[in-house]
Amino acid sequence: MSECIVYRGFCILHFAFSIVFMRILFLDIASHTGLLACVQDDGVCSSRVIDQRIRDHELVMLAEESLAEAGWQYRDLTHVACVTGPGGFTSLRVGAAFINTLADQLKIPVAGIHLSDLCAARSAAKGDFLWLHSTKAQELFVRGFGSFAPLWSAPILLTLSDAVRHVPAGAPWVGELLPAQRDALVSLHLQETAMLPVSDILPALLKHQSFHLVPIQPWYGRNG
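So the sequence shown is numbered by our numbering: it starts at 73 and just counts up by one.
Note that these hints are calculated values from the structure, not bench results.
The structure displayed is predicted, hence computed values, not measured ones.
Do not take every clue at face value.
For each label pair, taking beta carbons as the anchor points, the in silico distance ranges come out as [to be verified]:
(1) Asp128 <-> Ser225: 29 to 37 Å
(2) Asp234 <-> Arg127: 32 to 40 Å
(3) Ala209 <-> Lys179: 38 to 46 Å
(4) Glu136 <-> Leu223: 19 to 27 Å
(5) Leu250 <-> Lys198: 25 to 33 Å
(6) Asp176 <-> Arg237: 42 to 50 Å
(7) Asp255 <-> Arg294: 32 to 40 Å
(8) Arg294 <-> Ser118: 29 to 37 Å
(9) Val236 <-> Glu141: 43 to 51 Å
(10) Lys208 <-> Asp128: 24 to 32 Å
Note that CB positions come from ideal geometry on N, CA and C, so glycine has one too.
Let the sequences and hints guide you as you build the complete structure.
As structure tokens, this is what we get:
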């Protein structure tokens with residue numbers, strides 16, 4: 073028996089199927105290189121690289137392609153998860169709307185994941201490091217992990233000049249910075265840490281998320 077999920081005027085058909093494993097549709101449109109993936113307990117079954125400027129109908133098509141490659145149907149999903157931000161205003165809204173629609177119409181729980189937590193999970197250097205993420209030419213988000221957590225235990229928006237003054241010299245870091253921002257911070261001799269492929273860390277990361285039957289909200293990280 074088929075059912076119809078309506079998203080932005082598109083009808084997505086899916087069929088009832090008994091769920092045996094944890095099967096999660098994961099979406100990240102916040103990162104500079106986005107990802108849509110079908111993930112279960114033991115690994116990533118399929119994935120698609122996506123652009124931040126993806127349109128609604130393109131997102132639906134990629135989701136259907138990824139589900140088909142995994143051998144799943146919409147009804148097989150047990151959870152959905154989405155990176156909530158920071159990122160582009162429109163892309164975050166598109167991602168949250170799509171994932172919330174699936175969660176609502178499939179009656180399954182959803183988790184929102186902050187980009188800093190995704191990057192921290194991907195960090196090859198576990199322990200003490202900073203997460204740095206460009207948002208504008210003269211602004212970036214900062215969060216501390218390990219011994220740096222007392223400085224910025226939660227993501228905070230700094231101007232580039234404030235970052236030059238307050239970021240500890242020689243600190244390891246992960247994240248995404250513009251070339252000009254890297255140049256501005258060069259005097260601090262920061263140590264960029266390699267990041268593991270998303271597919272390597274996704275199953276474990278998703279297992280430790282809190283899923284709820286409450287819609288997720290985009291995280292913009294700024295007032296106004």
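The hints, checked one at a time:
no.: 1; hint: Asp128 <-> Ser225: 29 to 37 Å; verdict: 36 Å, holds
no.: 2; hint: Asp234 <-> Arg127: 32 to 40 Å; verdict: 36 Å, holds
no.: 3; hint: Ala209 <-> Lys179: 38 to 46 Å; verdict: 43 Å, holds
no.: 4; hint: Glu136 <-> Leu223: 19 to 27 Å; verdict: 44 Å, violated
no.: 5; hint: Leu250 <-> Lys198: 25 to 33 Å; verdict: 26 Å, holds
no.: 6; hint: Asp176 <-> Arg237: 42 to 50 Å; verdict: 45 Å, holds
no.: 7; hint: Asp255 <-> Arg294: 32 to 40 Å; verdict: 24 Å, violated
no.: 8; hint: Arg294 <-> Ser118: 29 to 37 Å; verdict: 35 Å, holds
no.: 9; hint: Val236 <-> Glu141: 43 to 51 Å; verdict: 45 Å, holds
no.: 10; hint: Lys208 <-> Asp128: 24 to 32 Å; verdict: 26 Å, holds
The structure fails to meet hints 4 and 7 from the earlier list, while all remaining hints are met.
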